[in-house]
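Asks: This is what each chain is made of:
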Amino acid sequence: MLVLTRKLNESIQIGDEIEIKVLAIEGDQIKLGIAAPKSVDIYRKEIYLDIQNQNSEAANLSGDLLKLLHQKND
Amino acid sequence: MNIQTKYLGEVEISTQQIIQFSFGLPGFLDEKEFVLLEIPGNPVFQFLQSVQSKDIAFVVANPYHFYKDYRFELDEPTIDALQIESEKDVIVLTIVTVKDPFNSSTINLKAPLIINQQKLLGKQYILNSDEYDSKAFIQPISVEKGV
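Heads up: the protein sequence lines correspond to chains A and B, in order. Add 9 to the 1-based position in the first sequence for the working numbering, that's all there is to it. Add 124 to the 1-based position in the second sequence for the working numbering, that's all there is to it.
If you are wondering where the hints come from, they were derived from the structure by calculation, not from laboratory data. The hints are all genuine.
The calculated DSSO-like cross-link candidates involving lysine-lysine, where the alpha carbons are at most 27 Å apart (straight line), are:
1) K76(A) with K130(B)
2) K156(B) with K47(A)
3) K259(B) with K192(B)
4) K259(B) with K76(A)
5) K156(B) with K243(B)
6) K54(A) with K259(B)
7) K47(A) with K243(B)
8) K76(A) with K178(B)
Computed beta-carbon distance windows for the label pairs:
9) P164(B) with S20(A): 52 to 62 Å
10) S65(A) with F261(B): 15 to 25 Å
11) M10(A) with Q263(B): 40 to 50 Å
12) N186(B) with N69(A): 22 to 32 Å
13) M125(B) with A33(A): 53 to 63 Å
14) I215(B) with I21(A): 35 to 45 Å
15) S48(A) with P164(B): 35 to 45 Å
16) P46(A) with N227(B): 40 to 50 Å
17) S65(A) with N166(B): 15 to 25 Å
18) G133(B) with L11(A): 43 to 53 Å
19) P164(B) with I39(A): 44 to 54 Å
20) N69(A) with E211(B): 31 to 41 Å
21) G165(B) with V12(A): 54 to 64 Å
22) V216(B) with E35(A): 28 to 38 Å
Keep in mind it's a predicted model, so treat the numbers as computed, not measured. Built from N, CA and C at the ideal position, the CB exists for glycine as well.
The task is simple: from the sequences and hints, build the whole structure.
Replies: This is the structure:
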């Protein structure tokens, strides 16, 4: 991983279109501003990981799924 | 055309059923084409089956069946990407993580599937608020009705 040190109000430019700027530093929290094209999805990492994990679990169902779904109808 | 499916064997589909998920789904970024398949004898749930990969299929449902007040706003990039012109174009589905026993199953309200049924474009839309859980409990309908 590339590591860069930035101060308040300094930025990082990624490619031609993405800028990440340090907007505020408050205790152990850092507020970042991100300018990127609309087509780029931006998520907090832990939320994205949660959705990835949930999708993987939902796609890897064990046991007799159809039977479980029929339980629903009973 | 015929495709191999995870739960229903070989199924004949028409190309007009294929929904393009041009972004893939988180964890499955290479899966860009899916079809919705009915589950025999089960009106509440459907399979979202990958067209190219037999083993990738999800159980999905209408979230409003379980959570009547489920509500969120679509952001503009998503409305643009899915070419949504009217609310009527949109189907909202939730991915179900089926567990045994069935009533311990969860649904992902944090990342609904948004499908433009006119244009056959879809995306899993991750909500940026913490209002809804990715592992929300399926509420048995009998309990909802207060039997």
